[in-house]
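Chains as they are written, first to last, in the working numbering: chain D, 1 to 306; chain C, 1 to 306; chain S, 1 to 306.
No wet-lab data here; the hints were simulated from the structure.
Since the structure is predicted, the reported quantities are computational estimates derived from the model, not experimental observations.
Accuracy of the hints is not assured; some may be wrong.
It does not matter which identical chain is meant; a pair holds if it fits inside one copy or across any two.
Here are the computed lysine-lysine pairs in the DSBU-like style, where the Cα-Cα straight-line distance is at most 35 Å [as the list claims (entries may be wrong)]: (1) Lys199 with Lys91; (2) Lys146 with Lys195; (3) Lys199 with Lys30; (4) Lys199 with Lys2; (5) Lys238 with Lys24; (6) Lys12 with Lys144; (7) Lys238 with Lys12; (8) Lys252 with Lys115; (9) Lys30 with Lys240; (10) Lys115 with Lys2; (11) Lys30 with Lys238; (12) Lys12 with Lys252; (13) Lys91 with Lys144; (14) Lys195 with Lys238; (15) Lys2 with Lys238; (16) Lys238 with Lys91; (17) Lys252 with Lys91; (18) Lys91 with Lys2; (19) Lys12 with Lys195; (20) Lys146 with Lys199.
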Amino acid sequence: MKTVISASQFTKEDLVRLLEASRKIEEALKSRRQLPLLDEYVLATLFFEPSTRTRLSFESAMHRLGGRVITTVGVQFSSLAKGESLFDTMKMVESYADIVAIRHPLEGASHIAAKTVSIPVINAGDGAGEHPTQALLDLYTINKHKDLSRYIRLAFIGDIRNGRTIHSLLQLMAHFPSELIFISPAELSLPDKYKEMLKQSRIPFQETENIEALLDSDVAYVTRIQEERFTDRSEYEKFKDYYSVDRELIEKSRRGTIVMHPLPRLTEVSTDLDNHPSAVYFEQATNGLYTRMALLLELLNVPLQI
Amino acid sequence: MKTVISASQFTKEDLVRLLEASRKIEEALKSRRQLPLLDEYVLATLFFEPSTRTRLSFESAMHRLGGRVITTVGVQFSSLAKGESLFDTMKMVESYADIVAIRHPLEGASHIAAKTVSIPVINAGDGAGEHPTQALLDLYTINKHKDLSRYIRLAFIGDIRNGRTIHSLLQLMAHFPSELIFISPAELSLPDKYKEMLKQSRIPFQETENIEALLDSDVAYVTRIQEERFTDRSEYEKFKDYYSVDRELIEKSRRGTIVMHPLPRLTEVSTDLDNHPSAVYFEQATNGLYTRMALLLELLNVPLQI
Amino acid sequence: MKTVISASQFTKEDLVRLLEASRKIEEALKSRRQLPLLDEYVLATLFFEPSTRTRLSFESAMHRLGGRVITTVGVQFSSLAKGESLFDTMKMVESYADIVAIRHPLEGASHIAAKTVSIPVINAGDGAGEHPTQALLDLYTINKHKDLSRYIRLAFIGDIRNGRTIHSLLQLMAHFPSELIFISPAELSLPDKYKEMLKQSRIPFQETENIEALLDSDVAYVTRIQEERFTDRSEYEKFKDYYSVDRELIEKSRRGTIVMHPLPRLTEVSTDLDNHPSAVYFEQATNGLYTRMALLLELLNVPLQI
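If we strip away everything but chain D, and leave its shape as in the complex, we get:
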């Protein structure tokens, strides 16, 4: 594995291996703060679009492996402000780092970035495209609570049209016995290309506007209405408070539904769920540390010796 650009690139064997590595790392970090396996390596976090959560997660993962980090965020991209191409920027970063995590507002940007350089590139989110490392931590979280080797009903709630974390995760779920439920207003429903993909993978799925459909799921994956992806403000206003998953709703669940969210959240998950046992969204962030550490080691070809 040389790059992580799309969730579609992972084979089932890749996923099983990465989940197992993440599990070992989580186990090891119970008694230690650092696994100094990347002592001499430098990670560049190149965030053309800011994202504190994802950036800090990658940086913390690198530090926990003993590595170094160089970083640049948003408006500080003076070269870009001066009109530099992504190609030239990547050629520069290639000289300074051993591996790069890139977030970019345009779909496909990380693919172009990866083709430009010889060092490993990780897509940390490209516009409304994909966010494969989020998908990996989501999968790891699901597997901790619901056994992936058994049949899982997974409901996605919210902005399914624009939610790149959804687009990435459903591609991973295709490797495991599962059924998907997409709950959203019709205007925010799953893009056709992903429906086609699910049909080809023979993953059963249904679409509904009825939030109560999540009560039949094992996992309710709630997402924020992506304000930044709407060109029409009034359309955003129409949807922003469409759903709110709260304690009252979840307590009606017939399958012990757990509630996930890639965060940040606004009102779509009520804070009255925060200390309910079904809420695993804060744990997701921690799982991101383990899975990103596993990915850094994998991409740099460094064995996980603990």
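Dock chains C and S against the given chain D, drawing on the hints supplied.
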């Protein structure tokens, strides 16, 4: 000690212990550049309001202890821009770091932050509230030049209403034999709640508009008129050049007054004082390194073994 | 050597020594990722004017030497926003770091900075002034492709009036047998003070508006029209697409001309040159890593023991 939120939380024993630890660290750094006691630890500096001086001081302190740093500043807080609550942001940081230093424009923010997470939290300034680590380095600086076990006359000059470094330091002085002089225009005088506190602690104090009152002090603690705390621009303009402490004034001192300033300064301390022996404000910054190193060790329960 | 402020300060012996150290570092990094010679040192990168390329190059150089980095960029300079002087800012940084690389929009700023503090200061670009570390990496690049001990014809193309990398490099070339060709519109020609310097150093040079003059050079050093230095937008528009060095032009060269560029580039070097053997501009960035590592060691008086 699990958090550092307010100067009011320090007992005299805490202060004596921290000053002694800071002194040992200063001594050790005369012959070494690093005390690698926090090799496996990660500090998050979370600056919702920018402050180069304080942030770099914490980061340098962490590096000098061999630790790692992840950081995020101001407008880069994309999660916040997306409407995330401080609670959710803190839950995230808790996953990525072992300790966090937070600056926030709202009074009380760091208290809320500390209640949210299980890792130690340090208040690095909350609005017009407090700045307890500044108070600690101020106390350390005073003790280096004037013996704290003896009676000290400390004059505060400038924006006493909004100066959070003043609010924090006067609470520490309450543990030592001292008398306080507040020199400011009436509009910028000490808030009642601090007057009440001083009365209860039986610390004698006086208020005056006469800058010459500092000539009777051992320590003149000058502060900047806090432009960012004024809602009325014309009020700021009225006060901004109210006082200027200069060499001519200080040379009239009858008690060998030293001049402190938390920096940055504008015109309230004249540059003609910079290389006068009374000027200790540049030394304060260096003292901040030692006291913050002592605090990081204390909060992480790592013994100071040199 | 205590500071690196101007290319004019380097003696020929300095240059020969630094090029040799850079060469050893490049050689060593073929089999290793890090030379941990600055384990206990902290570098501050103080970028009053953003520059991703130069900042990341310094930071990567420090990390590859095992050192630590604290950094602050552009608008985050809250102390400056509050009106702090460069003098006060430097006094602060002196407390927190062992060495500082500074970029500032005003010519001469790094000279003032260096006079303020006792730690080594590196000018990482000051307005339209100088950029001596860029000149060093340029010299290293020239020497890798064309032997500096023999006569070199070096053509500068583009914004010769404002191009600080040009101003710095021509001062270094004065130590080696060379002839300089300045190709630019008359309005963007070499400032008189540099012409005077060349005359005193007895370096032959010519000025022309004819781009084809580069065909007689060994090295064509192309630069971007510096939009940010123009006060008149229409003047910038007039010049911005004045020249474009492309494959067709370079293939007419009679001396195996190599093409250099400090980057970022816009249209002044065509992308159709990117994988032509004459294009060494991407390699320049990598050379910057080696030469900056050599400089950090030199300024901190740490021997290069590999």
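Q: Could you tell me which of the numbered hints above are not met by this structure, giving the numbers in increasing order?
A: 1, 3, 5, 7, 9, 11 and 15
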